[in-house]
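*Asks:* Just so you know, the sequences run in chain order C and U.
For the first sequence, position 137 (counting from the first letter as 1) is numbered 137 according to the UniProt record's numbering, and the numbering increases by one without interruption.
For the second sequence, position 48 (counting from the first letter as 1) is numbered 48 according to the UniProt record's numbering, and the numbering increases by one without interruption.
Read the hints as simulated data drawn from the structure, not as lab findings.
Everything hinted at is true.
Which stretches of chain C does chain U cover? Using the computed rule of at least three CB atoms under 8 Å from a CB of chain U, they are:
no., stretch
1, 64–77
2, 95–102
3, 106–115
Where a beta carbon is used, it is the ideal one built from N, C-alpha and C, also for glycine.
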Amino acid sequence: MGLMEKLSSWLGGPAAGREITILVLGLDHSGKTSLLNALRPPDRRVTSEPTLAPRQDNFTFGGLSVVAVEAGGARRVRALWERQYAAASGVLWVVDAADALRLAVARDEMQLMLEHPAMRARRLPLLVCANKADLPHALPPTQVAAALGLERVTDKPWHVCATSAVSGAGLTDGLAWLTRQLRDLHTDH
Amino acid sequence: MMARISRWLDVEVGTSEIHMNTLPCNIALVDVINDNEFKLLVGDMGIGNESPKLKIFRGTMQISDIVLPDIPLGVVSFYASETMPRPPPLVAVAFSSCIYIYRNLKLFYKYHLPSSKIEESETEIWEKLKDSANEETVIKLSKDLQSLPHNLCCQSKYFLQMSTDQKLEYLDSVEVPQKELTEIACLTTMKMRSTEKMAVSCLIVGTEEGEIVVLDPHTFTEITKAKLNTVKSEPHQIVATGLFNIDYRLTVATRNKCVCILKRDWKEGRQLFRTEDHIIAIEVMEFDKSIMVICCDKTFSCYSKKGNKQWWLQLDCHPVAITQVPVTHLGVTLVAVSLVSGHLNLYDGKAKRDSMFIRDIASVIKFGQLGQEEHVFTIITSTGNLMLKILRRTANFTAHAAGIETSCPTIGKPWLIPKKSKLFLEQSMRERENAKAMHVTFRHELNRLRLVAGKTLLEAYTKSDNALGLGALEPVRLAAEVQGLGPIFRMTLSIENTSKDRAVIGLSILFHTYATSYKVTNPYIKIPLLSPGSKLKFPTKVEEIFTNVNPDIFFRTVTGQTEGAMIKVLLLKEGKPNPVLSAVVQMPPTDPMMVPYDKIQATGFVE
Numbered sequence: 001m002g003l004m005e006k007l008s009s010w011l012g013g014p015a016a017g018r019e020i021t022i023l024v025l026g027l028d029h030s031g032k033t034s035l036l037n038a039l040r041p042p043d044r045r046v047t048s049e050p051t052l053a054p055r056q057d058n059f060t061f062g063g064l065s066v067v068a069v070e071a072g073g074a075r076r077v078r079a080l081w082e083r084q085y086a087a088a089s090g091v092l093w094v095v096d097a098a099d100a101l102r103l104a105v106a107r108d109e110m111q112l113m114l115e116h117p118a119m120r121a122r123r124l125p126l127l128v129c130a131n132k133a134d135l136p137h138a139l140p141p142t143q144v145a146a147a148l149g150l151e152r153v154t155d156k157p158w159h160v161c162a163t164s165a166v167s168g169a170g171l172t173d174g175l176a177w178l179t180r181q182l183r184d185l186h187t188d189h
Numbered sequence: 001m002m003a004r005i006s007r008w009l010d011v012e013v014g015t016s017e018i019h020m021n022t023l024p025c026n027i028a029l030v031d032v033i034n035d036n037e038f039k040l041l042v043g044d045m046g047i048g049n050e051s052p053k054l055k056i057f058r059g060t061m062q063i064s065d066i067v068l069p070d071i072p073l074g075v076v077s078f079y080a081s082e083t084m085p086r087p088p089p090l091v092a093v094a095f096s097s098c099i100y101i102y103r104n105l106k107l108f109y110k111y112h113l114p115s116s117k118i119e120e121s122e123t124e125i126w127e128k129l130k131d132s133a134n135e136e137t138v139i140k141l142s143k144d145l146q147s148l149p150h151n152l153c154c155q156s157k158y159f160l161q162m163s164t165d166q167k168l169e170y171l172d173s174v175e176v177p178q179k180e181l182t183e184i185a186c187l188t189t190m191k192m193r194s195t196e197k198m199a200v201s202c203l204i205v206g207t208e209e210g211e212i213v214v215l216d217p218h219t220f221t222e223i224t225k226a227k228l229n230t231v232k233s234e235p236h237q238i239v240a241t242g243l244f245n246i247d248y249r250l251t252v253a254t255r256n257k258c259v260c261i262l263k264r265d266w267k268e269g270r271q272l273f274r275t276e277d278h279i280i281a282i283e284v285m286e287f288d289k290s291i292m293v294i295c296c297d298k299t300f301s302c303y304s305k306k307g308n309k310q311w312w313l314q315l316d317c318h319p320v321a322i323t324q325v326p327v328t329h330l331g332v333t334l335v336a337v338s339l340v341s342g343h344l345n346l347y348d349g350k351a352k353r354d355s356m357f358i359r360d361i362a363s364v365i366k367f368g369q370l371g372q373e374e375h376v377f378t379i380i381t382s383t384g385n386l387m388l389k390i391l392r393r394t395a396n397f398t399a400h401a402a403g404i405e406t407s408c409p410t411i412g413k414p415w416l417i418p419k420k421s422k423l424f425l426e427q428s429m430r431e432r433e434n435a436k437a438m439h440v441t442f443r444h445e446l447n448r449l450r451l452v453a454g455k456t457l458l459e460a461y462t463k464s465d466n467a468l469g470l471g472a473l474e475p476v477r478l479a480a481e482v483q484g485l486g487p488i489f490r491m492t493l494s495i496e497n498t499s500k501d502r503a504v505i506g507l508s509i510l511f512h513t514y515a516t517s518y519k520v521t522n523p524y525i526k527i528p529l530l531s532p533g534s535k536l537k538f539p540t541k542v543e544e545i546f547t548n549v550n551p552d553i554f555f556r557t558v559t560g561q562t563e564g565a566m567i568k569v570l571l572l573k574e575g576k577p578n579p580v581l582s583a584v585v586q587m588p589p590t591d592p593m594m595v596p597y598d599k600i601q602a603t604g605f606v607e
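Next up, chain C with everything else stripped away, as it sits in the complex:
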């Protein structure tokens, strides 16, 4: 546990307990930064330049204090994702639903993540955001789920939701599912 996390647990966060880390992953230009921006108050928003170094931020979802670690999605920094896996309690996977060409790449990257030793055989909730749902050629969430091969993920609870980072639509539903899952998991312990 890092110093910051210790401090916040002493001070008593909203959950008055340990903080939960979720990873925000996905290909470059899928809208990870924009999606998190939609959750921030306007004065805390960050610029939407391509993210390279992992960025951490604290959020409160449904009374649960969550540290969202957002990693860069560019091809050459994807190899750095695995450094974050051990600390993660949940994954928020952002996919560009309007980019049909790269769904195959997103599928491959997701499979690599799920098969990683630090992730395999762990019951982590996986929330898939079919982002950019507002665009004309965006695929519906069911097709995105099929293209990502989610039906074959049996060891983790997963959920797909259509989101739009521009308007923030669909995000609350997805996060409600994620917090429910996280709370269930952490009250068991």
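Here the structure of chain C is known, so what remains is to put chain U in place on it, guided by the hints.
*Replies:* Chain U in isolation, oriented as in the chain C frame:
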């Protein structure tokens, strides 16, 4: 070969509505609106009643098409202007004797190749032909036409291959030819001043007359024009390498079994080599300019840039297409060859690294950025389907990964040992007989050599006393070289004494850095005596320090760095208050993948 996971990800394409009939020259990957999302442009020749079209695909989806007036002979895209922000690239489509230029996918200019005048003798015969409706005269005049010494125009050629009845009928409908249009055979582009992605390019046109014409991208006027070969050879494919304003090579495959080359300032190209059978396609490798050729005799061969055959492979069946597959992050450039059997093989040199079976014949293959993905294999099959394959991030093409036994080729071959010559036998005999005397002579000579070396050194040493004290330090040269990806770099300083007879003593090196940016393991190096004409190397470790890192380090480029990235190297001379030489070394940025992990974490907090 063991079963393994494919290196390629298949992209699902709705194949039912895509039917394309195209050729390798009619396909281009273009960033149409400069948003770094590359579209696929296909010059479709049309099937049956369908007219030729230029089809534009966004990923797997066709987003629009433009009806073309004729069968396309080549589709290329290029940047014509250097203004900022860069306007989107132009698209050029070649037809029989003209080139249509599209801007923002709207027709914007039509360029016609200059027509040439027809020889008077030929027009005279045509005038006579028009006048006579008599069968006999037509036969006689046809013979006259055939016996003309110069190259006939298209109309004459067409006329001569008809039967007499057809000729009579044809004569009623045609006019006397006045000018001959120059037909285009192939089209390509070449960057003019810089190799940047968006640098301005000129158009290169190969004509049926066997000429290569270079067109200016602004004015569409001829900049240069040259004959391809001493004998007339029709170009079939041009590959341009280099820059037009600096130096370039045009490697041209012709229809008469030879590859020609045309360089900057040449008035006429020349034949580089001949092949045994007809050439299907060529590819010129970026790094060594070697030429890969696939031929009708089922061979895949490699020629050096000088035209020497380096190796060749006999393929299982007819090759169809060839393309270069540069995988920059792995540092390899592969060559893909598609075969009639439906296989698509990838070669690194002559070693096969990968093979894909795609069930259909891949008639057009291209590798490059499509959409936002850099490594996409675009395949159009002979049945007109579009296939897309994306290279996996984890793929690699080493011999081990390819499942190929790395058998050393020398094992099977005997060593190349020359036969024992008479001279050798006599020499060995002498050596056995006079071994002692020979050794004594050798020792004597060696001692003499040592004496000479010692004397020379002493002389150089005595002369060196004040060589530097006089102020002139021309004979000493200092050079630095930096290697590594960081954060620990290896800096090698080489100090050379170029003087012929003077040695240098009492030198030392001092590093001067910003203590916050770099740490030098050995900041002060004492240099021993530098004998005349000698060179010494001093490797030192330089470590970049990350104390207050911010994400900016990821956006650093090699140029335009802060002052902190400078390291001063001072050359000091004993007894002199000022440094005698100094050099400034600009350190390259540390590769973000090499930055220590705990330092990255430090940047993770958003204030």
